[in-house]
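So you can see what is in the structure, the chains are spelled out below.
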Amino acid sequence: MTALKPGLRLKSGVCSAEVMIVKGAGQTSITCGGVPMLGLDESADGAAAVAAEMNGCLVGKRYVNEDQSLEVLCIKPGEGSLAAAGAPLAVKQAKKLPSSD
Amino acid sequence: MSTALIREHGVAARSPPLSASLNAVLVEFASLPGAASIAALEGGQLLLERMLRTGAKWQDGCSPSGACRFIGTADGALAVNLPRPSDWELLAAWLEFDAGGTWSWSKLSRVVRDRHTQSLVERARLLGLAVAAPGNALEGCVHSDVRNSSLEHPPTVVDGDPLADSRDLKPKRRPPLVVDLSALWAGPLCGHLLWLCGGRVIKVESTERLDGARFGNSGFYALLNQGKRSLALDFGVRDECALLRRLVEKADIVIESSRPRALKQLGIEAEEWVRRQAGRTWISITGYGRVGAAADWAAFGDDAGVAAGLADLMRAATGAHQFAGDAIADPLTGVEAARAAWLSWLTGGSRLVSLSLTGVAARMLASEIGESGSGALIGSARRWWRAARLGRAAGGVDGRVPTAAVSDPGADRVAVLRELGLRC
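From first to last, the protein sequence lines are chains A and B. Following our numbering from start to finish, the first sequence increments by one per residue and tops out at 115. Following our numbering from start to finish, the second sequence increments by one per residue and tops out at 457.
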């Protein structure tokens, strides 16, 4: 279980992926490749990835849970898929371009 | 760009910063075969073209668009650019601070003022936020982030022969086919200038994410996108993505303003495209170049101008950090990109040309400091800012008027695909 807080960074225990929490509160378990994600100063305990949860995550994409109460941004890509509380996270729709810059 | 050209084409006392450099680029561009129509353009006019349309005013510490502002930090200042609604959603993560609902500029200022600039910049970059710290450009110390991102000689030919102007260039017998994948200002301006030179320009947009400028000032959009034929493709659908790749194959010149990873995810790689067939030119417009971690940093025209050192010039001139133009790095880069594209087309192509918004603006600033000296530059920026604050920023410059039609998204699909022999 991880205490969610915007700005918290987590790394995968099974691949190179890294995410930052954009939105979320309370406690939940965030996994990558089926294995709980770790704080930046934690080290992996050698748990094996779940093959069915190795479909990758793309850097720069935002991922959300079903009711969009949780949102994470992928800041380093990896081979694992992201999930929270046992349910896969889905790519949020593309960010709109600004009308001017 | 030669310093003699800056002197010769120097502009009136109240011209905006860097308009002399931009004029010098325009003069070199217009001297190339087939580019005579560029001679009618003027640097100050192109720099302020959007403001002439929107009627935006100059304000202390705030960009004319209103999206970028200077905020004081514990150890300096930061230009924070938040043009997308989604940027505001990232502020809690950026600052690790729950604002308890909605963010405002004043709330943001209160949180940022206790933080250190460098760590704010680093976290913002992870999140894809466009922020930039002013530096000490007038002492010749442009921030190393900018120096490393191809400051030395933008436009940088990443792949192919160096771009060299020669006096005996021959005009081409046919116009180039230009595929313009870019959005907003710099890239579309590049495509527009190539259209003025007779290029056949096809604008390609994602149906999921049309060019945001379509929803901004319509007259300004028309100016930069007139005469371009439009294709809108759903990049999420396999067949449409394949069509995009086949379309790009047909181009003599591709213009894009995405981070390199974005097109890679669609199966298009600039380096490989340039090598696969001789004679083609790829124009890559980025915030900080294509190399290393900087390839992923986001930038828009206003914050790029700050990263390039223009806020340092304005502070020396006015006593406070100010924006030296309206998204200034955009028009500077658009013109420089078009000149590079046209020159590459005339000289046989086979080049990947990288232009970073920050690199182009930093180089133009450095060449003006070298030519006029920082004292004269500061004096002229001060006179311009005083006039600008009184609403005379354009100095009597008239806006241009579009002369050709603007296509709705996807309007020319059937005609373009038939003409290029691509089945849909």
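Source of the hints: derived by calculation from the structure; they are not laboratory data. Values in this document were obtained by computation on a predicted structure and should not be read as measured data. From the three backbone atoms N, C-alpha and C, an ideal C-beta is built for every residue, glycine too. Errors might be hidden in some of the hints.
Said to hold, decoys possible - Covered stretches of chain B (in silico footprint by chain A; criterion: 3 or more residues with CB under 8 Å from a CB of chain A, positions within the stretch not fixed):
#	segment
1	106-119
2	233-246
3	361-370
Outcome of the hint check:
no.: 1; hint: 106-119; in the structure: holds (count 5)
no.: 2; hint: 233-246; in the structure: holds (count 7)
no.: 3; hint: 361-370; in the structure: violated (count 1)
Violated hints amount to a single one, hint 3; each of the other numbered hints is respected by the structure.
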